[in-house]
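Trainee: Sequence:
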Amino acid sequence: MHLLAGSRKSFQTIKSRIQLICVAFSLLIALVTSAISVSFFQTYARQNVVQSTEFNLQLVSSLIGEDLSDAEMLEKRCALLGQMEQWLQSPEQNPQETLQMYYALQNEYNSSRVRQYVLRLVVVNRQRTKLIQISSSTVGTPLTVYNVDKLVDFHTTEAQAWQSVSPDPLLPSLSTLTACRPVYSSAGHTLLGYVYLSVRSNIITDQLQGYVVTQDNRLFVQLPSEKVWELQNHTLLRRNRPAGTPALLSDPTMGTDTKVMRWYADGAATDFVVHPVSAISKMYLANELSQQLVRQQLLLYARLLLLVCAAILLMGFLIGFVLDRLINPPVASLRSQLDRVAKGDFSPAPELEWNNEFGDIGRGINHLSQSVDQLLHEQVEIEKKKKDLEYRMLQSQISPHFLYNTLNSIKWMATIQGASGIAEMTTALARLLKSIAKGTRELIPLREETALLDDYYVIQKYRYGGAITFRKELDPAVLDTPIPRFTLQPLMENAIFHGIEPKGGAGTLLLKAMRLQSGDIAVLLMDDGVGMTPQEARQVLQENTAQPTGMFAKLGLHNVNQRLRYDFGEPYGLSIESRKGEYTKMVVLLPGTAGNSPEPAKREE
Numbered sequence: 001m002h003l004l005a006g007s008r009k010s011f012q013t014i015k016s017r018i019q020l021i022c023v024a025f026s027l028l029i030a031l032v033t034s035a036i037s038v039s040f041f042q043t044y045a046r047q048n049v050v051q052s053t054e055f056n057l058q059l060v061s062s063l064i065g066e067d068l069s070d071a072e073m074l075e076k077r078c079a080l081l082g083q084m085e086q087w088l089q090s091p092e093q094n095p096q097e098t099l100q101m102y103y104a105l106q107n108e109y110n111s112s113r114v115r116q117y118v119l120r121l122v123v124v125n126r127q128r129t130k131l132i133q134i135s136s137s138t139v140g141t142p143l144t145v146y147n148v149d150k151l152v153d154f155h156t157t158e159a160q161a162w163q164s165v166s167p168d169p170l171l172p173s174l175s176t177l178t179a180c181r182p183v184y185s186s187a188g189h190t191l192l193g194y195v196y197l198s199v200r201s202n203i204i205t206d207q208l209q210g211y212v213v214t215q216d217n218r219l220f221v222q223l224p225s226e227k228v229w230e231l232q233n234h235t236l237l238r239r240n241r242p243a244g245t246p247a248l249l250s251d252p253t254m255g256t257d258t259k260v261m262r263w264y265a266d267g268a269a270t271d272f273v274v275h276p277v278s279a280i281s282k283m284y285l286a287n288e289l290s291q292q293l294v295r296q297q298l299l300l301y302a303r304l305l306l307l308v309c310a311a312i313l314l315m316g317f318l319i320g321f322v323l324d325r326l327i328n329p330p331v332a333s334l335r336s337q338l339d340r341v342a343k344g345d346f347s348p349a350p351e352l353e354w355n356n357e358f359g360d361i362g363r364g365i366n367h368l369s370q371s372v373d374q375l376l377h378e379q380v381e382i383e384k385k386k387k388d389l390e391y392r393m394l395q396s397q398i399s400p401h402f403l404y405n406t407l408n409s410i411k412w413m414a415t416i417q418g419a420s421g422i423a424e425m426t427t428a429l430a431r432l433l434k435s436i437a438k439g440t441r442e443l444i445p446l447r448e449e450t451a452l453l454d455d456y457y458v459i460q461k462y463r464y465g466g467a468i469t470f471r472k473e474l475d476p477a478v479l480d481t482p483i484p485r486f487t488l489q490p491l492m493e494n495a496i497f498h499g500i501e502p503k504g505g506a507g508t509l510l511l512k513a514m515r516l517q518s519g520d521i522a523v524l525l526m527d528d529g530v531g532m533t534p535q536e537a538r539q540v541l542q543e544n545t546a547q548p549t550g551m552f553a554k555l556g557l558h559n560v561n562q563r564l565r566y567d568f569g570e571p572y573g574l575s576i577e578s579r580k581g582e583y584t585k586m587v588v589l590l591p592g593t594a595g596n597s598p599e600p601a602k603r604e605e
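So for the sequence shown, our numbering puts the first residue at 1; every next one is plus one.
By construction, these hints were calculated from the structure, which means they are not laboratory data. Accuracy of the hints is not assured; some may be wrong.
Unchecked claim - Okay, derived cross-link-like pairs now, BS3-like style, lysine-lysine, Cα gap no bigger than 30 Å in a straight line:
(1) Lys-585 / Lys-385
(2) Lys-384 / Lys-472
(3) Lys-503 / Lys-461
(4) Lys-386 / Lys-76
(5) Lys-512 / Lys-461
(6) Lys-282 / Lys-259
(7) Lys-503 / Lys-385
(8) Lys-580 / Lys-503
(9) Lys-580 / Lys-512
(10) Lys-461 / Lys-385
(11) Lys-387 / Lys-503
(12) Lys-130 / Lys-76
(13) Lys-384 / Lys-343
(14) Lys-227 / Lys-282
(15) Lys-386 / Lys-343
(16) Lys-343 / Lys-150
(17) Lys-512 / Lys-472
(18) Lys-343 / Lys-76
(19) Lys-343 / Lys-387
(20) Lys-130 / Lys-343
(21) Lys-282 / Lys-461
(22) Lys-472 / Lys-461
(23) Lys-227 / Lys-150
(24) Lys-472 / Lys-580
(25) Lys-503 / Lys-472
(26) Lys-227 / Lys-259
(27) Lys-461 / Lys-343
(28) Lys-130 / Lys-150
(29) Lys-343 / Lys-282
What the hints assert, rightly or not - Beta-carbon label-pair distances, calculated as ranges:
(30) Ser-62 / Pro-242: 18 to 28 Å
(31) Lys-472 / Pro-502: 18 to 28 Å
(32) Leu-300 / Thr-235: 29 to 39 Å
(33) Leu-300 / Met-254: 29 to 39 Å
(34) Leu-306 / Leu-326: 41 to 51 Å
All C-beta atoms, glycine included, are put in the ideal place defined by N, C-alpha and C.
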């Protein structure tokens with residue numbers, strides 16, 4: 001089971017998958033190549049055998065045709081001799097003319113390139129009463145006017161050549177091909193006699209001595225008489241022509257005069273490559289298409305294909321191995337760096353930043369490590385500032401319960417004595433101190449925060465003798481918006497002490513609360529005091545450098561802004577817009593819905 005689980009796990013690694021993909025892809029290429037190649041090689045092997053056979057037939061047919069054409073030309077030249085007509089027309093045999101005629105024939109015979117194949121050259125008159133013979137053989141039955149008719153049918157009126165391969169009538173041991181040409185008078189169409197030529201069958205078989213013939217690669221010769229002979233042991237043997245009409249196949253050939261044909265005999269089909277013998281009309285060589293040779297070609301191609309497939313598979317394994325060597329070391333280094341990061345070591349590793357895709361990952365890990373390290377340091381600083389802020393807030397809460405109880409006593413004494421202003425002022429101060437006792441980090445509805453602001457204004461109103469006017473324009477729909485306690489009081493205190501009081505006269509405070517188009521809530525406190533420059537406005541929101549005065553001195557504008565950002569996030573907080581000598585506008589931006597703001601931490605009472 002452990003072995004099976006380990007094997008299953010190994011195949012889930014990217015390295016194993018890459019190797020498997022390479023091998024599978026190589027195998028797929030090998031299979032596709034094999035499928036295509038088998039079909040192609042089958043066609044190509046047959047085509048190769050056809051073209052090879054065609055080339056051989058073209059070569060031997062050209063040689064055979066050239067020799068037969070030269071022999072036929074010898075017969076024509078003899079028929080056209082100048083003294084031929086006179087000798088044939090002479091009624092009696094003139095020894096002088098006959099001797100001249102013999103020498104003329106002898107000269108033509110000696111000048112012929114194929115004389116070694118000529119068995120006999122005979123000239124005979126129409127009546128067969130006189131003849132002249134040039135013969136290369138001294139054996140056999142002598143030729144006379146009495147047996148000359150055994151050679152051929154001399155009643156033909158047209159030239160005939162190479163109609164058959166048959167034994168010579170006067171020398172049966174020799175196979176010959178014959179040609180007979182009638183000789184006509186020059187003045188008209190009077191038949192005067194015949195020129196007869198007999199050549200040995202070696203004129204064909206000598207050109208086929210180097211031709212390889214096997215049991216399934218037989219060679220046939222078809223003469224103009226459409227009779228068929230088979231070459232066997234360098235001998236031409238008479239064969240019957242297959243019955244029926246052959247089918248012409250579509251195998252491509254090099255020459256247009258070469259055909260691939262199929263004969264059917266005894267239920268079996270045999271294919272032949274047929275090529276005409278050059279310069280000889282209606283004479284053909286037909287070579288049986290060797291199926292054994294086709295199979296040998298296919299076997300050769302199959303071995304070659306097997307080597308190609310093996311090479312493709314080997315290439316797949318090599319690619320997988322190379323990829324493994326390229327991937328494993330970088331992956332191991334990246335994994336080691338991630339382990340160090342997981343253990344808290346965020347130091348960057350420059351050696352991981354290669355000039356490739358793994359280098360991009362390495363740079364990303366280094367950047368992530370630096371970012372996490374920086375974030376941790378920032379978080380530590382934030383927590384430190386939070387603790388410091390909480391400490392400073394606690395400093396401002398000096399015995400609020402004691403002061404609250406004391407102020408209640410003062411209130412009742414002022415009420416008994418009829419000092420209503422003192423009673424109102426102490427009541428407002430008592431409510432403020434009671435709220436302070438509950439803590440400053442609690443989120444309260446905006447309506448409660450504005451009520452506390454009213455209490456603070458009452459105290460300041462009596463302090464400045466009614467010189468400060470406070471107006472409110474609040475949208476009722478936003479009064480339930482949560483806001484940290486004592487957010488607006490430091491804003492009013494800053495507006496009075498640093499805006500209206502330095503002015504040296506009466507002043508007005510305007511509080512507005514509204515929903516913006518973005519859905520957020522804006523709470524605006526505006527005074528018509530001395531104002532400030534943009535640089536001074538930026539400094540107000542920075543860390544306090546001087547010790548401010550007032551009831552909410554420890555809750556300076558910087559602390560208010562920081563507290564809002566801690567509770568609601570960076571987009572929210574306090575912003576200041578001011579113009580020197582005209583006004584100062586302070587805007588608190590709050591999230592419009594609870595979903596837009598983070599859940600505040602649990603407040604300590």
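Trainee: Quick one, are Lys-282 and Lys-259 close enough, alpha carbons at most 30 Å?
Mentor: holds, 14 Å
Trainee: Mind checking the hinted window 29 to 39 Å against the Cβ distance between Leu-300 and Met-254?
Mentor: violated, 21 Å
Trainee: Does Lys-76 sit within 30 Å of Lys-130, going by the straight-line distance between their CA atoms?
Mentor: holds, 20 Å
Trainee: For the pair supplied as a hint, Lys-130 and Lys-343, is the alpha-carbon distance within the 30 Å limit?
Mentor: violated, 128 Å
Trainee: Check whether the Cα positions of Lys-580 and Lys-512 lie no farther apart than 30 Å.
Mentor: Holds, at about 22 Å.
Trainee: Does the alpha-carbon distance linking Lys-503 and Lys-385 stay inside the 30 Å limit?
Mentor: Roughly 35 Å between the alpha carbons, so the hint for Lys-503 and Lys-385 is violated.
Trainee: Under the criterion that the straight-line Cα-Cα distance not exceed 30 Å, is the pair Lys-227, Lys-259 satisfied?
Mentor: holds, 19 Å
Trainee: Is it true that the CA of Lys-580 sits at most 30 Å from the CA of Lys-503?
Mentor: Roughly 12 Å between the alpha carbons, so the hint for Lys-580 and Lys-503 holds.
Trainee: Quickly compare the C-alpha distance for Lys-512 and Lys-472 to 30 Å and report which way the hint goes.
Mentor: Satisfied, since the Cα-Cα distance of roughly 6 Å is no more than 30 Å.
Trainee: Given the hinted pair Lys-384 and Lys-472, is their alpha-carbon gap at most 30 Å?
Mentor: Violated. Lys-384 to Lys-472 sits at ~37 Å, over the 30 Å cutoff.
Trainee: Holds or violated: Lys-461 and Lys-385, Cα atoms, limit 30 Å.
Mentor: Status violated; Cα separation ~35 Å.
Trainee: Mind checking the alpha carbons of Lys-503 and Lys-472 for me, to see if they're no more than 30 Å apart?
Mentor: holds, 22 Å
Going down the numbered hints, you'll see the structure goes against 2, 4, 7, 10, 11, 16, 18, 20, 21, 27, 29, 33, 34, while the others check out.
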